[in-house]
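Novice: The residues making up each chain are set out below.
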Amino acid sequence: MTKYPNGPQEHGSSSASPRDAQAERPQEPGARAVRPLVAVEDLRVSFRGARGVVVEAVRGVDLAIAPGECLAVVGESGSGKSVTARALVGLAGAGATVRAARLEADGRDLRGLDDRQWREIRGRRIGLMLQDALSSLDPVRTVGAEIAEALRVHRVVPRAEVGGRVVELLAQSRVPEPELRARQYPYQLSGGLRQRALIASAMAADPGVLIADEPTTALDVAVQAQILDLLAAKKAEGTAVLLISHDLAVVARLADRIAVMYRGVFVETGTAEQVLRAPSHPYTRQLLAAVPSAHAKGTRLSPWPGGRATAGGAWDGTGCAFADRCPLAVDLCREQQPPDVPAGGDAEAGAAGGEHRARCSRLDVPWPAPAAVAAGRGRGGDQRTVLEVSGVSKSFAGPDGVRRLAVDDVSFTLDAGETLGVLGESGSGKSTTAAVVLGLLEPDAGSVRVLGRPWSGRPESERRPVRSRVQLIHQDPLGSFDPRFTVERVISEALGTPGRRTVRRERARITELLRLVGLDPALAGRRPRQLSGGQRQRVAIARAIAPEPDIVVCDEPVSALDASVQAQILDLLADLQERLGMAMLFISHDLGVIHHTSDRVLVMRQGVVVESGRVEEVFLAPAHSYTRELLAALPRVDDPAAVPDKEVRTVSTAKAAAPAEPVAGDPPAGPTSPPPSTARTARKEAPLR
Amino acid sequence: MSPQDTQDRPDTRDGQVKGGGPAGSPGTANLWRWLVRRLLLSVVVVLGSATAAFVALYLLPGDPVQTMLGPTGQTPALVAEVRHETGFDHPVYVRYGLFMGRLLRGDLGQSYQLHQSVKSLIFDQLGSTVELAVTGFVLALVVATVLAVTTAGRRPLLRGLASTLELVLASLPGFWIGVLLLTFFSFRWQLFPAVGGSGVNGLVLPSVTLALTLLGVFAQVMREGMERALSEPFVLSSRARGASETTVRVRHALRHAMVPMVTLSGWSVGALLSGAVIIETIFSRPGLGRVLVSAVNSRDLPVISGVVVVSAVAFSAVNLLTDVLYRVVDPRLKEAQA
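Line by line, the protein sequences are chains C and Y.
Its first residue numbered 1, the first sequence is counted upward by one per residue in my numbering.
Its first residue numbered 1, the second sequence is counted upward by one per residue in my numbering.
So that you can see chain C by itself, here it is in the shape it has in the complex (with noise of 0.2 Å):
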């Protein structure tokens, strides 16, 4: 039971060898066949670049996979997942050198393969779908003809069937009404629809493999959990689906057994309940605890302090991938590589037939706990209002002229030194709210005063003076930097005019704002585009907070980094926050940072504000029905509702939740509520469907 491959250890084989994997399988319920579909040993995969330097991006990996089971390999972006799925259909890149010891689907040998007898292997043995069906299905060709082209390529059916057999195949991965939607394009379909044609047309010539890579990406939570319900209706059916993903609770959700990937090695390997209850190497366990959730409240979620940057530079190959961001790293791990040893403890590893490895020279060391975020948040007894927004509206028109509200009467406080929440799906009316609070939209109606003084309605002229005391961080931090300064003159236009002579004026207060976001002062020179977006970001909150602002707006601020990213971004937010004692407006549609960062939460649905009270309160007794419908959605990796054999039915991200039906008109409004301060006030419901 206990006996393990023994790989060389100079490049050691991770763990889940496929015949090891084999040998239990049986005796796991749900594992169906003995044979894996896809067998790979020791795949490494190299890309020649700029100037003939080689670098690796999969060094040395193994992995098996059964009918009716999903493997799922995890990881931040360049860590190699992609490249690794790819490499098994044969489209690794230009200019990539594939080896292995083994590389085997449906018993053939993959190795050495031409172009030709590549193509019969992609589609019909192994189907490969991508993320973000827009860009994925061709724009200019109906779904209809992209589903078709796997059916002729392979000549799955005769000429005349195809026809018919691409309607089945919509209707299989439950596309409705499918003869409509074959003669439809991708821009034509939703998000929802266009990844279920994307599913159908790898499907198509019915390969037993199927590489899914970040499906759910980029989708509103209940349609991702739609995907996911059919990606397991395949598996059950017996694919064998490799699932490539960053989001830990969309692989929850999914798989069965778990890969954690970092610098194209497999760092960890188990069942998925092993990996996520008892994470036992360094990254795993950071990846784990960066997902800002309930439980992480008021701790940090980077183990790193004073908000340090770590981003991981190049690694020449030598001891261990993690050392450089690893907290426990010793001289040993940079010089030797790490073995490969049975993780999770030692009477789990026996008692779970050693399947769960991880390549760690420091698994005995206990982890230190996650420090907790200083305490008060700079919020003493001053409570004076920074920001009041009184029954404010606005509404735009639509492309065929009718005017909708994209927020309806809505008003909320800020006090110094606090962070009020805002949450809600894509067009909820946040980024609105947003705007007419940063002065650059005037309201329809209602009116916000910041500083006491009055904001909207006024002449741009008498707002400037005062501008400065409202600063935005924005999502994409890269497209609100002129590209062509650098990040000193970036900072610099928050400190005067955007020239060379503030920035030599002004670059003391520069490098002291650098350190103070963690970023190195030797980065001023820079140009935007060659920092990495944990860097931009660091600079986008420099600028926010050089003119030492009262307010600070945060727009979806975190929504585009990797987690362990995201989780640096939000300490160093929250420990500005204590040391500057700014007041925060954060904008964000995921649940879990929004739980994780504020004091007090307003739930916008459809322009309207449902629901808002202290975020403890609002989350633990919703009192909305859309709050709760949230919250059932909310996701827990290590919720065990959420871990192996799953009947996939709720969703599993921290992400707002669609619901399930648009709901016919807005609930009306209640009897005229005060302005929600720290009073905790639901909206009066209509009934949901």
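Because the hints were derived from the structure by calculation, they are not lab data.
Just so you know, these numbers come straight off a predicted model, no measurement behind them.
There's no promise every hint is true.
[Claimed, not checked] Listed next, with one range per pair, are the computed distances between beta-carbon atoms:
(1) C:GLU335 x Y:PRO260: 50 to 58 Å
(2) C:ASP364 x Y:GLY153: 50 to 58 Å
(3) C:GLU161 x Y:LEU104: 37 to 45 Å
[As the list claims (entries may be wrong)] Pulled a few chain Y residues facing chain C out of the computed Cβ check, cut under 10 Å:
(4) ARG228
(5) GLU232
(6) PRO233
(7) SER238
(8) GLY242
(9) ALA243
(10) HIS256
(11) PRO331
(12) ARG332
Ideal Cβ positions, reconstructed from N, Cα and C, are used throughout, including at glycine.
Please arrange chain Y on chain C, whose structure you already have, making use of the hints.
Specialist: Then chain Y, alone, in the frame of chain C:
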């Protein structure tokens, strides 16, 4: 071809209406409204360019009547008589009114020099020019397509060679190419006639010359479009379904490369016309270009403005055609433009 299979299925009509698909009947109504608007716009363009031609010719220095009569044998009486005959004794706004009125009736006036109706003069020669322009354009398009499909995203050497060749062609002046072709193919090897010539044989060298001047730009634009499309995720999707390189290039990438190509085709009408003028002169071919050149030399105003009007009509027609083609090539634009 593939979409049709699914389109011919029964029971789809009401499905379309029910689904509220943008391809349904509201789209058709939009299309008509759009077409009418575009046609009106074309009329404005033609009338505008006729006006511009009138103003430009009016502002030219010198007396058109004296130019018309030639350097010898002018008497004041004769000048006055001709001035009255040609209507030059009227004030300018009356002349403009007369000019536009005739234009609206489809009358382009009489040539001063050739004493022939401008309309018949132009239409006699138009066929020859259109023949040259269309042949040259089609030739350039076909060769550019082949070049782009075969070399886009290929090995650097192959791609670089093709690209260099195209750059050289794009920067060579048309008349020089024409003279070069004449030197070798007519004088040295005597394969094709140097002057005039009728039928296909006479068309080869002029249309090749014209095609070569366009080819470089066409191929560059198409290759760039193909390469952009080839790096898109849907191409990876298609490959992952097992599609061959040819399928990927022809069925997917080429169609995306056609979008900038359609834009370029609209623009190339101007290049084709001015190219034809030069090439007709070099190869002594009959055509609109030569009519224009001699009219300019002799200040035959009605002919010049006639050619301007005909060019404007051609330009408008081709641009209307390209706008329709956009919608065929990229269905997403059906909604965007409505």
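Novice: For each hint, tell me whether it holds in the structure or not.
Specialist: A quick look at each hint next to the structure:
no.	hint	verdict
1	C:GLU335 x Y:PRO260: 50 to 58 Å	holds (55 Å)
2	C:ASP364 x Y:GLY153: 50 to 58 Å	holds (52 Å)
3	C:GLU161 x Y:LEU104: 37 to 45 Å	violated (59 Å)
4	ARG228	violated (12 Å)
5	GLU232	holds (6 Å)
6	PRO233	holds (4 Å)
7	SER238	holds (6 Å)
8	GLY242	holds (4 Å)
9	ALA243	holds (6 Å)
10	HIS256	holds (7 Å)
11	PRO331	holds (5 Å)
12	ARG332	holds (5 Å)
Going through the hint list in order, the structure does not satisfy hints 3, 4.
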